[in-house]
Amino acid sequence: MKKLILATTALALSAGFALADGHAKTIRMGTEGAYPPYNFINDAGEVDGFERELGDELCARAELTCEWVTNEWDSIIPNLVSGNYDVIIAGMSITDERDEVIDFTQNYTQPDPSAYLAASADVDVSNGVIAAQTSTIQASFIAASGATLVEFATPEETVAAVKNGEADAVLADKSYLAPIAEEDGEVMLLEQEELIGGGVGMGLRESDGELREKFDAAIQSMKDDGSLNALIAKWEVGAQF
Amino acid sequence: MFSYCTDPEALSGLRWLSCYLTTAKHAGFYWSFLTVLTLLAITAPTALAFGFAGASAARSAFAPFRWIGKGYIAVVRGVPDIAFFMFFVIALDQAFEWVRHQWKCPDWDAPIRQGNDFVVCAAAKLPLGTADQWIHEVYGFFTAALTFAIVFGAFSANVLFGAMRAVPKGQLETAAAYGMTTRQTFWRVLVPQMWVYALPGLSNLWMVLIKATPLLFLLGVEDIVYWARELGGTKTARFTDYPHGDWRLWYFLALLVFYLAFTKVSEVVLERLMKRLTHGQATLGGSS
Chain A
565 MKKLILATTA
575 LALSAGFALA
585 DGHAKTIRMG
595 TEGAYPPYNF
605 INDAGEVDGF
615 ERELGDELCA
625 RAELTCEWVT
635 NEWDSIIPNL
645 VSGNYDVIIA
655 GMSITDERDE
665 VIDFTQNYTQ
675 PDPSAYLAAS
685 ADVDVSNGVI
695 AAQTSTIQAS
705 FIAASGATLV
715 EFATPEETVA
725 AVKNGEADAV
735 LADKSYLAPI
745 AEEDGEVMLL
755 EQEELIGGGV
765 GMGLRESDGE
775 LREKFDAAIQ
785 SMKDDGSLNA
795 LIAKWEVGAQ
805 F
Chain B
101 MFSYCTDPEA
111 LSGLRWLSCY
121 LTTAKHAGFY
131 WSFLTVLTLL
141 AITAPTALAF
151 GFAGASAARS
161 AFAPFRWIGK
171 GYIAVVRGVP
181 DIAFFMFFVI
191 ALDQAFEWVR
201 HQWKCPDWDA
211 PIRQGNDFVV
221 CAAAKLPLGT
231 ADQWIHEVYG
241 FFTAALTFAI
251 VFGAFSANVL
261 FGAMRAVPKG
271 QLETAAAYGM
281 TTRQTFWRVL
291 VPQMWVYALP
301 GLSNLWMVLI
311 KATPLLFLLG
321 VEDIVYWARE
331 LGGTKTARFT
341 DYPHGDWRLW
351 YFLALLVFYL
361 AFTKVSEVVL
371 ERLMKRLTHG
381 QATLGGSS
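Top to bottom, those sequences are chains A and B. Letter by letter, the first sequence follows residues 565 to 805 in our numbering. Letter by letter, the second sequence follows residues 101 to 388 in our numbering.
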């Protein structure tokens with residue numbers, strides 16, 4: 565009898581382990597959901613956009629189960645390092661300052677020039693009032709230039725600030741501003757562009773080296789077979805590789 | 101949702117609007133009202149319990165309890181809400197995980213703090229890495245409710261502390277003269293009479309709490325203000341079937357109506373409660 569109990573316990577235990585193995589950890593992908601074409605919430609209420617397609621494909625190639633979560637841009641890095649999700653995939657440019665806190669994969673877009681969107685073509689961007697989203701490369705760029713910086717929590721508010729006259733222009737990634745300028749007669753892109761940032765990459769915890777290598781390899785394989793270029797062309801997020 | 105919604109571009113006027121307002125994304129917006137109401141229903145009694153415990157501790161005769169109660173009131177009231185919500189919740193979550201880590205993975209040798217990272221063993225993660233998305237959402241919701249309860253608990257502790265001191269001293273002395281113990285005096289004389297002094301302060305807190313829910317999105321819970329901002333933002337035709345300009349004004353107007361209606365109902369209920377509590381009391385309100 566005792567042996568039987570032992571055997572059943574052993575069986576139950578090993579079954580438990582097998583179950584744990586089969587049900588692998590879900591990788592949680594954190595994004596902002598407010599920055600088309602990179603990421604946005606579609607009519608069905610789901611995360612959509614360039615990074616949604618890219619992320620799903622990368623997870624498939626790395627053989628990972630992935631889940632999408634949205635988080636406010638302001639607290640997106642603190643929530644990553646404390647482990648609320650595992651990856652930031654939110655149009656985040658690779659910069660040295662961010663690299664001190666988190667790790668990046670290789671870039672999956674070319675450095676996208678930042679453009680100015682203004683209500684008229686004769687705005688003086690070096691002395692005027694320029695809007696930018698908080699904690700972005702554009703915000704630090706304006707802060708370092710001679711212009712007056714006004715910061716907003718979401719990209720949407722930066723554009724609204726230009727339309728209602730609070731700011732003279734907004735500086736953001738060109739691929740975000742271009743569709744807005746195209747459809748809205750009130751605003752236009754200025755000719756002047758700024759080359760800042762080193763391309764967009766996925767952000768991971770510094771202690772998650774293994775996961776970073778998996779995604780790095782998946783990005784590389786998408787670069788090699790041209791599928792990344794096809795996605796970049798489809799969503800118009802800058803130059804191809 | 102409706103059968104004619106398959107081609108939104110061909111629609112106009114009310115039909116377009118009826119399709120637009122019934123997208124799955126709008127369903128998320130409507131559900132978030134329920135999220136907010138549930139949060140309030142859980143937070144308000146919990147905060148009151150925290151407040152009662154804090155106030156009782158602050159007037160305790162036993163010094164260490166008094167220090168804890170007064171410390172809680174002073175610290176939490178003094179820290180800005182937004183700082184509290186950005187850092188305290190993360191710290192709370194990490195504290196839970198740290199305790200579980202000590203318990204479940206005693207032979208783990210890697211450090212938990214690695215630079216900026218907080219790394220615990222997979223079995224100690226909360227919720228588990230293998231858990232479904234809805235479990236993460238429920239967990240996030242409850243950490244949010246707990247944080248709200250702690251913050252508003254500190255404010256209500258201060259209100260109740262004041263209310264306890266406002267009960268006429270003669271009442272307590274009489275109770276003692278009748279031979280009641282300290283505990284009996286507290287529960288039978290002090291507590292029933294203090295509510296009337298506490299209610300105006302507590303009703304203020306309730307009103308503030310109703311309007312504090314946008315802080316939820318800092319914690320990853322999508323509340324009504326988040327959805328109003330998201331839905332009302334300019335939508336270009338490339339990314340949606342229902343392009344429109346900046347409609348945030350209309351969405352916020354809808355929220356305004358919701359909040360006004362909700363606070364009005366609260367006022368009516370609180371007014372009635374006040375009447376009932378003051379009944380027969382030796383105060384100006386009780387004599388009318």
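These are calculated hints, taken from the structure and not from any lab test. None of these values were measured; they are calculated from a predicted model. Where a beta carbon is used, it is the ideal one built from N, C-alpha and C, also for glycine. Careful: at least some of the hints might be erroneous.
Quick list of simulated restraints, FRET-style, between CB atoms [as the list claims (entries may be wrong)]:
1. A:Asp-789 x B:Val-238: 36 to 44 angstroms
2. B:Gly-215 x A:Gln-756: 49 to 57 angstroms
3. A:Gly-773 x B:Thr-122: 25 to 33 angstroms
4. A:Thr-712 x B:Asp-107: 45 to 53 angstroms
5. A:Pro-675 x B:Ala-174: 29 to 37 angstroms
6. B:Val-175 x A:Glu-755: 51 to 59 angstroms
On the chain A side, residues computed to face chain B include the following (Cβ under 10 angstroms) [said to hold, decoys possible]:
7. Ser-646
8. Val-665
9. Phe-705
10. Ser-709
11. Glu-730
A quick look at each hint next to the structure:
1. A:Asp-789 x B:Val-238: 36 to 44 angstroms: holds (40 angstroms)
2. B:Gly-215 x A:Gln-756: 49 to 57 angstroms: Because 39 angstroms falls outside the window, the suggested range is violated.
3. A:Gly-773 x B:Thr-122: 25 to 33 angstroms: Given a distance of about 46 angstroms, which is not inside 25 to 33 angstroms, the answer is violated.
4. A:Thr-712 x B:Asp-107: 45 to 53 angstroms: holds (46 angstroms)
5. A:Pro-675 x B:Ala-174: 29 to 37 angstroms: violated (50 angstroms)
6. B:Val-175 x A:Glu-755: 51 to 59 angstroms: holds (54 angstroms)
7. Ser-646: holds (5 angstroms)
8. Val-665: holds (5 angstroms)
9. Phe-705: Constraint on Phe-705 (chain A) not satisfied, violated at 24 angstroms.
10. Ser-709: violated (27 angstroms)
11. Glu-730: violated (13 angstroms)
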